[in-house]
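With the hints as a guide, bring both chains together as one complex.
Top line first, the protein sequences correspond to chains A and B. Quick note on our numbering: the first sequence kicks off at 1 and runs consecutively. Quick note on our numbering: the second sequence kicks off at 1 and runs consecutively.
If you are wondering where the hints come from, they were derived from the structure by calculation, not from laboratory data. As the structure is a prediction and not an experimental result, all values here were calculated from the model. You may find that some hints are simply not true.
[Stated by the list, open to error] Which chain A residues face chain B? A few, computed with CB under 7 Å, are given here:
| hint | residue |
| --- | --- |
| 1 | Ile13 |
| 2 | Arg18 |
| 3 | His35 |
| 4 | Ala57 |
| 5 | Val63 |
| 6 | Pro83 |
| 7 | Val95 |
[As the list claims (entries may be wrong)] Sample of chain B residues lacking proximity to chain A, with all beta carbon distances greater than 12 Å (derived):
| hint | residue |
| --- | --- |
| 8 | Val312 |
| 9 | Tyr341 |
| 10 | Gln472 |
[Claimed, not checked] FRET-style restraints, in silico, Cβ to Cβ:
| hint | chain 1 | residue 1 | chain 2 | residue 2 | range |
| --- | --- | --- | --- | --- | --- |
| 11 | B | Gln335 | A | Ala78 | 21 to 31 Å |
| 12 | A | Ala24 | B | Ala268 | 50 to 60 Å |
| 13 | A | Ala78 | B | Ser111 | 19 to 29 Å |
Built from N, CA and C at the ideal position, the CB exists for glycine as well.
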Amino acid sequence: MAARIDEQQVRHIAHLARLRPTDAEVRLFSEQLSHILAYVEQLNELDTSDVPPTAHALPVHNVFREDVPGDPLPVDRALANAPQRDGDFFAVPKVLEQDSA
Amino acid sequence: MPMPTLMEIRDAVRSGRVGAREWIDRAIGSIQRLDPQLRALISYDGDRAMDLAEQIDEQVARGEPVGPLAGVPVLIKDNICTRFGRTTCASRILENFEAPYDAHVVQRLESAGAIILGKTNLDEFAMGSSTENSVWFPTRNPWSLEHVPGGSSGGSASAVAAGVVAGALGSDTGGSIRQPASFCGITGLKPTYGRVSRYGLVAYGSSLDQIGPLTRDVADAALLLQVIAGRDPRDSTSVDEPVPDYVAGLDRPVDGLRIGLAREYFGAGLDPEVRAAVEAAIAEFQAAGAEIVPVSLPHVKYAVACYYLVAVAEASSNLARYDGVHYGRRAERPQDYIDVYCSSRQEGFGAEVRRRIMLGTYALSSGYYDAYYLKALKVRTLIKRDFEEAFRLVDVVAGPTSPSPAWRLGEKLEDPLAMYLMDIYTVSANLAGIPGISVPCGFTQTGLPIGLQLMGPHFGEPRLLAAAGLYQRRTDWHTRVPPLASAAAA
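For reference, chain B alone in the conformation it holds in the complex (with noise of 0.2 Å):
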């Protein structure tokens, strides 16, 4: 059975043929069957779900007018804020927080008749590749369960891969929604920088944050970010930037497509089933009557190194607020005033966030500052500048998601430099501010998804929309469904 797309459904509730009560009693019953194997939820509200859901269905009985995803489950990942339920960024320290605001994204999204069904699990903090790192449980790949859905967003990617929902959003630091999305076989777009207010997204990296879909289809994808994009005066760093119509975009012919191919994303460390893939990705591009120019990004190589000092120095200033006195954990019995903070600190975050914020310490304290911040952000204008050139001579720039397909659980846990180094291709979007999306392009032999990138210029996400739509215009990889959830649904 083939399942059902955001807009489907949004079809189905507004002409009153499948009603949104019935939608989500179908999203419970998948969370009921799938989820206590893939532990992709950290909570839900089946109730709270249900009366909104009622609400929608009696606006389409008078009809009345129903918003763009009117009566559609959804889930968020729990470092965006809710009123309702907790948030809990997967972390001992907030384990029990109830954000007293809802994000902008959320007002965004339940004003546009999307149902939050619950929150998705992730690396504590955003702060991992594999969630793994969540202080509740990992969480599993709906293509294999001994596999990593990937992450930050893993939660998100797992429940949309195995049908839970149709979509969901998550949040994108380093490579967070498109690096699960590739590893699950879905589309994951991370918008550009200021597209999307942050306001409401716990704070990990405020110069790299970026809040995005996670959605089986392009077409999904452009929706859902119709619907959060634009301009939050609560969010000074979200740019005052027209939104246009991404969904009808989409129908227009895709004429005079220039694709750029960088000899640096096909490098060592690529796996040879995934370089089969995009090659023949590439191929598809070229048969639909794309150019392919190559480029050059000779700075992208340093975007490791560039991004893990940047971000953990953001970190280690963003996270200082946990200090056990105005929200968050507090330890049992500090010793005194200074104590409260370091115990409950120690208490509340897990091994990797204690690892960056020290590492984001040492990198921005006295004698270090010049020799790693400062020069983290000197090349990152060198790897920006990188993009800029490239994108005079082409629309997008296309590569693997990620230089591997989904590892298995544990595999990466003790070396967390290996961890890191499996971001290479991801995290140079987030560094130059540009936007990215991944696509499943195929499968290796043992039945792991394998992803496509596509980077466009600042605010060019319509042009990387309709260059990925006319991809899967052209493919189905995007409409292969995991084992797992095809015999929960038989």
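Extracted from the complex, chain A is given alone in its bound form (with noise of 0.2 Å):
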């Protein structure tokens, strides 16, 4: 099976990971993201049916801590580097529509 990025299923993806690619970009993507694909299907010459998936190197446990409270990012600091502040919170555009605000 051959994978094979068409340029729609490009713009399906820059919609999920929240991109605007330009035309130009759409094409380009579509073969360079085919031709990555059609090099990480050789991954499908292994039997991988009993093998466990590792998504941690070394054994992880849960970590626990304390449950006491630690000392917050002072809010200024946190609000420091906001694109736009509103008092102590961070400013967006308008989310819902006039009419049915």
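Okay, here's the thing in structure tokens:
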């Protein structure tokens, strides 16, 4: 099965990833991503039906800590990098349409 | 003039022979002379460094105890958060980002007395193998300005190789410390996953990322690791494993060393000059009394395919946080709320970062998750098992760090897959979570450095460093200085 990501799929993935590629980029990404996927297809040579997945190279267990509050980031420092702020809040453009507000 | 090591600088500061201010002065002088050509640094703050140096010099003058890196200027990769200056990740989306806290390694360095002089260039968000994917500028290799320094920690490698500083930190997700160390003729260590806290390291592939040192020799790598290693409750993946004395361990004799050789590390595509230099290094180990044992790593040929699914899947998730809302760049005139995300991310990320986000999003998306992401995680198990088997027989596995020496700027930019394939020898250590070190083992006829890679089992740093140290006691490749740096010093 030769994977091929067509331009429609590129647009769909871009939407999922919240990117807005230009038409030229959609063509380029379609070509490049198809090329890369064709290469990773080689993993299908391996029978992994009895192999468990490794998400983490070391055995990781739940890590607990004492349930005591630490020092929170002061509000001004947390907001210092905000592109736009309104008092003690992050500001964004209107979410709701005017007529449904 | 030989370049001083971290230990020599520290000792000179402690004894009062050459003060911290003098070392900062020299480092700033090197930056001014060399960095216009190298472009290794994104930012530096000489005034801040000088104030810190003055404090160290005063402590020494008063006879107070000072740390193991007292007064030593160092640089760190610009994906490590500092409360001073900016942390840009060489990305437009973070071009003005001022981190609200210091990374764990920054706190450790500063408590040890090190002076962080500045932040080094990288491939945007550490995604690349050449330091050409920086929004700021590409960094050059001090051995040849026409060649890349490797990546993604290319700024750190270039600066250490040119003698701007004796040590720097980088991060390694698929080879980003070891490969630039190899290309620039210096020593670079990726520690065991979990050895060093990732708190304050901007995340790329969270199950793969690890911070580590780039230095002139193995002893300095051990010293830097000593300072930054250890459990940190703020990174739940940092491991509560005792930190041995890496530096003292280097002085012990290396008895009964068994070096594994895997034919999979000497396959097609390996540059003949690299092969010859690495084989000569193996012979050096044999002459030193090490036993050379053939081992088999049958699944490493799948490592690049496996890595580029796992890493990009994690990246697509990690980079979802750049939303143009909380911090980072926001597009100028978003049409609506969704467009705040889409336009900010489209404008803020470079092409390679967007390519990896797209690929990762695809590999995780409905209908493809099992075929790509889950498949890759299963192959990751096979690769990990290969190394577990090998380390039943040997202490370290040896091979080339990179299949080729540094390539020319621009040479591989048009073909992303060709660039990915150059990571063939480094990505396995990240997938398996094991430590790996690159040490210089020769030069090509045209004068480009070649790196030898040694890999060890989980938390096998003491034996790994001992093996690399043994090699450096018998060779002098790590003492070579690029012509550009020796000319500047004259």
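The hints, checked one at a time:
Annotation: interface hint on A:Ile13 holds; nearest CB of chain B at approximately 5 Å, less than 7 Å. Taking 7 Å as the C-beta cut-off, the interface hint given for A:Arg18 holds, the closest approach to chain B being about 4 Å. A cut of 7 Å between beta carbons decides the hint on A:His35: the least distance to chain B is about 6 Å, and the hint holds. Interface restraint check for A:Ala57: the shortest CB-CB distance to chain B comes to about 3 Å, inside 7 Å, so the restraint holds.
At a threshold of 7 Å, the smallest CB-CB gap from A:Val63 to chain B is about 4 Å, leaving the interface hint in force. For the restraint placing A:Pro83 at the interface with chain B, the shortest Cβ-Cβ distance is roughly 4 Å, inside the 7 Å limit, so the hint holds. Given hint, A:Val95 at the interface with chain B, holds; its Cβ is 5 Å from that chain's nearest Cβ, closer than 7 Å. With a closest Cβ-Cβ approach of about 9 Å to chain A, B:Val312 is found to fall inside the 12 Å limit, against its non-interface label.
A Cβ of chain A approaches the Cβ of B:Tyr341 within 12 Å, the least distance being about 4 Å, so the stated non-interface status is violated. With a cut of 12 Å on Cβ distances, B:Gln472 stays outside the contact zone with chain A, its closest approach being about 28 Å. The hint said 21 to 31 Å for the Cβ distance between B:Gln335 and A:Ala78, and at roughly 28 Å that hint holds. Against the hinted window of 50 to 60 Å, the Cβ-Cβ separation of A:Ala24 and B:Ala268 comes to about 35 Å, which falls outside the hint.
Taken as a hint, the range 19 to 29 Å holds for the pair A:Ala78 and B:Ser111, whose Cβ atoms sit roughly 25 Å apart.
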